[in-house]
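K.L.:
The primary structure of each chain is shown beneath.
There are 2 protein chains.
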Amino acid sequence: MPISLDAIDRKILQALQDDGRLTNVELADRVGLSPSPCLRRVKRLEQEGVIRGYRAVIDRNAVSLGLTIFTEIKVDRHTRARADALQAALMAIPQVVSCHMVSGAPDFIAEVVVPDLAAYEALLSNVLLELPMVEDIRSNFSMRAVKTDSALPLPQE
Amino acid sequence: MPISLDAIDRKILQALQDDGRLTNVELADRVGLSPSPCLRRVKRLEQEGVIRGYRAVIDRNAVSLGLTIFTEIKVDRHTRARADALQAALMAIPQVVSCHMVSGAPDFIAEVVVPDLAAYEALLSNVLLELPMVEDIRSNFSMRAVKTDSALPLPQE
DNA sequence: TCATTATTGGCATGTTATGCCAATAATAAT
DNA sequence: ATTATTATTGGCATAACATGCCAATAATGA
Chain A
342 MPISLDAIDR KILQALQDDG RLTNVELADR VGLSPSPCLR RVKRLEQEGV
392 IRGYRAVIDR NAVSLGLTIF TEIKVDRHTR ARADALQAAL MAIPQVVSCH
442 MVSGAPDFIA EVVVPDLAAY EALLSNVLLE LPMVEDIRSN FSMRAVKTDS
492 ALPLPQE
Chain B
342 MPISLDAIDR KILQALQDDG RLTNVELADR VGLSPSPCLR RVKRLEQEGV
392 IRGYRAVIDR NAVSLGLTIF TEIKVDRHTR ARADALQAAL MAIPQVVSCH
442 MVSGAPDFIA EVVVPDLAAY EALLSNVLLE LPMVEDIRSN FSMRAVKTDS
492 ALPLPQE
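In the order they appear, the protein sequences are chains A and B. If you use the numbering used here, the first sequence corresponds to residues 342 to 498, in order. If you use the numbering used here, the second sequence corresponds to residues 342 to 498, in order.
Hints in this document: simulated from the structure, not taken from any laboratory. All of these numbers come straight from a predicted model, not from anything done at the bench. Some clues are possibly wrong.
Copies of the same chain look alike in the list, so a pair counts if it fits in one copy or across any two.
Below, in silico cross-link-like pairs of lysine to any residue (SDA-like), each with a Cα-Cα straight-line distance of 20 Å or less [unchecked claim]:
#1 K488 x S444
#2 K352 x Y395
#3 K415 x R393
#4 K384 x L346
#5 K488 x M474
The task is simple: from the sequences and hints, build the whole structure.
P.N.:
In structure tokens form, the structure reads like this:
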């Protein structure tokens, strides 16, 4: 059953996407409620899992993680059925900050974050290419982050 | 000049990546400081741009954004030099939640979020394929989100 | 060793979160 | 339409928190 969200709920989500540390007083003001019902709605959204959590967004360059790679992984045809083990392996790699199983030419697309090329080479050789079901890996190096950590396009209806 | 971060700064970043709404008292406790210097450090990290902001992480399915596509865009060779206009155009599309210029076979990889296939078809036809410098577009549909919104692998040294 | 600078912890004050209750608004049944 | 029922709201009181200031401590360099 999809959770029903009214206009105020969507405003709350929008506001908290823009600034996850808004005080409840400020948030209430923005969405046109008094603090008390506003807080109840936020708690409900958290409870229901609509809000999965809160994150500080960190500048990658500032923490010496200047290299982002979109790594496309192709899986051996025979192991495609039991790709669960590969998923778990990918999920456990800290440098893989996001990963999707996709329907295109590659089977997985992973976003990998490392300090530099040497670190990526090490990860590729020692970790990614060691995964047994991997048939082929193609690396797309990010030369420029055009847009990152953007808010979701919440439907307004 | 790279901003120097000591062990406590890294602990702060780690903690705020895990929970961006930690109270300063709780954060101070976790990193082994009293609230006052802890708050000063957080403010400094915000000031210096190491912390770029705070975000609520929202469940895509809960807000009817169940379809994620990694759209690979290839640019006409002659327009590659002045790709700035394309970048700006991509950045302005709300459904594009992240986008990188890459060094591989495609020139851009965009992460697109829409409610369903019909919405993607509309975006593709009416927006993406209308961009004048685009030579080819390949769509990788996410069938399963293996890992999303993961924390950065902060170096511990 | 001493002087200088940066960083810390504690304290006081204003702000915020949070739980409770009565009042209001929305909904459903007759 | 009217009334009963339910859900949601706003206000209030209390406890926790943020924030700025100052003296004390720790780190740094001469």
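K.L.:
Now look at each hint and say whether the structure bears it out.
P.N.:
Going through the hints against the structure:
1. For the homomeric pair K488 and S444, the shortest alpha-carbon distance between copies (16 Å) is at most 20 Å, but the shortest distance inside one copy (24 Å) is not.
2. With identical chains, the CA atoms of K352 and Y395 are at most 20 Å apart both within one copy (17 Å) and between copies (17 Å).
3. In this homomeric assembly, K415 and R393 never come within 20 Å of each other (Cα to Cα): the closest approach is 30 Å inside a single copy and 34 Å across copies.
4. In this homomeric assembly, K384 and L346 come within 20 Å of each other (Cα to Cα) only inside a single copy, at 14 Å, whereas the closest approach across copies is 34 Å.
5. Within a single copy, K488 and M474 get their C-alpha atoms only as close as 32 Å, which misses the 20 Å cut-off; across copies the closest is 19 Å, which meets it.
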